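Q: Here are the chains, one letter per residue:
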Amino acid sequence: MPLGAVAPGSDPYAAAAARTVRGIMEYARWPQRRDPLVLCVAGPVRHAGQIANWRMADGRQVQRRNVAANVAGLAGCDVVYLGQLTVPVQRQLTAAVRGKAVLTIAEADPDNSSEAMFTLTYRPNALSFRLNIDAVSRSGMKVDPRVLRVATGGG
Amino acid sequence: MAPTPPSKLPTLRDLLARAHLRLILFTVILAAASLMLSGVMVIRSYAQRNLELTARNVAYTVEPAVVFQDRQAIREGMTSVGVSTGVHQIEVVDPAGHSLAHWDRTHEGPAWLLDAANSVIWPEPARADVRQGGTLIARVEVYGNSGGILRYMLAALLIALTCVGLTVVATRILARRLQNEVIAPLDHVAQVAHAVRQERAFEKRVPASGIAEIDRFGQDFNALLAELQGWHAGLTSENAELQRRATHDGLTGLGNRVLFEQVLADAVAHSQRSGTPFALIYLDVDRFKQVNDEYGHSSGDAALIAVGERLRGAIRHIDAAFRLGGDEFAVVLAPFFNRAHVDGVVHRIRKAMELPYRMPNGQLATASLSVGVAVFPEDGGNAEEMLSHADSAMYRDKRSRQEQDPQGA
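Read top to bottom, the protein sequences are chains A and B. All the letters of the first sequence, read from the start, carry residue numbers 1 to 155 under my numbering. All the letters of the second sequence, read from the start, carry residue numbers 1001 to 1409 under my numbering.
The reader is advised that the hints may include incorrect statements.
[Stated by the list, open to error] Simulated restraints on C-beta separations:
(1) A:95 to B:1127: 19 to 25 angstroms
(2) A:126 to B:1155: 28 to 34 angstroms
(3) B:1083 to A:111: 35 to 41 angstroms
(4) B:1056 to A:8: 30 to 36 angstroms
[What the hints assert, rightly or not] Chain B residues, not near chain A, derived (Cβ > 10 angstroms throughout):
(5) 1009
(6) 1010
(7) 1016
(8) 1067
(9) 1069
(10) 1071
(11) 1120
(12) 1132
(13) 1134
(14) 1135
(15) 1155
(16) 1159
(17) 1165
(18) 1166
(19) 1296
Quick caveat, the hints were computed from the structure, so don't treat them as lab data. Treat the numbers as computed from the prediction; the structure is a model and nothing was measured. Where a beta carbon is used, it is the ideal one built from N, C-alpha and C, also for glycine.
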């Protein structure tokens, strides 16, 4: 996803990250319809500045909630956005929601070891994401396979 | 040889061949055109459905890529499911009309032709909307490729041309068969008619042909020929009879005066050319008038017949005897070599006359002749001189015989 025009001094990836998270959520299916959807942002973040409350294409509400980066903080989350956390912490959090209908997106996981379902990847002028099929299949979620086509490698 | 008709007139064979050619060409072209048209329509309707399916397929495939605004993914998704031989161009545009991805077939063959055919066959692209939750996020346009249809049309055209070529050959063969089966019998009739007219070959007949109409025509023609032959034969024999009557004496069967003058003139001309002499003998029956008066005309006729028979018997075949009228006879002797021969003939004639003949009343009688001879060219240089010389010689002979025997024979 190209970054587009960015105001000087602000985070160049913020807008693209928000669009990507939104797109991923559009193609994720929860076993039961949830409305509103709770998007939890865990830990300190660098690119989640433009992730706010919005409405999905089918009309569901999305609520952003900033939570502590521990297992207790994830209660009630439908989506977990993992911020700038160490790999063990990320693994701890993804393990906590494994098997449940919770979508996990990692912001900072260059080595692909967080076991989050989606990982944002950064190129100089574009933002993309990887899809971890193992993690998707171990979760209680369904993801539209067409998303695979948009994801870059690493699956 | 049959007369060649004027070149402006078409022959029956030409007419038949032309009619066949037109008919078959019309049929082949009609069949080829309707097949081609219906084929193109069927192919086009399938291709149209294919384009619509392709558009929907592309729309479904590129939907996430549009959501993520990943142009490369849009392009990859579009080409992976959209490119096929029937597709010429694919376009994905956003709702504002800006192109998100575009694919275009590289042209094979003449581009102008394909473009022209595409714009005729596919004036409008197949369209499909890309929607997310009811919101229009992009539109897919798929333009058809007319290459397949053009190839089909080309193949159909080639097949049609081949059929036309075969048709021309078949027409020629057909025309030749017609020539043999229909025109040849007609030609036979024409040849026979011509031979009859030119050579009077009335015995010719038209042979039977294998076609009922022509056969009937030939039979009628033959019947007509048979009648003509009969009429012709009758006319010929009648003419011959008339000719004979005109030049012969009915009573004795000898040549008459007309024929005599002809033969005499011919003999004079022939002797003048060849230099050989010929002789003319004049004969007159003595006391013929007395016989007529005494015993009747039938007895006179009997005397004349007897004289004629004996004259004919006394001369050679190449000599000719004539009855000039009444009791006058003449003989033209063909070229001879000396006068003694003439005297011999005269002697033979007198000898022959001594044989008695039987009159109608049963009495026997003999006829005696007065004879005058003229020899060409000594006694006359032309027919008239010969005649008068022979005539006067005969009267001299008659007078001398009357003086010897006043009572007569």
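Q: Tell me, which hint numbers fail for this structure?
A: The structure breaks hints 1, 2, 4, 8, 9, 10, 12, 13, 14; every other hint is satisfied.
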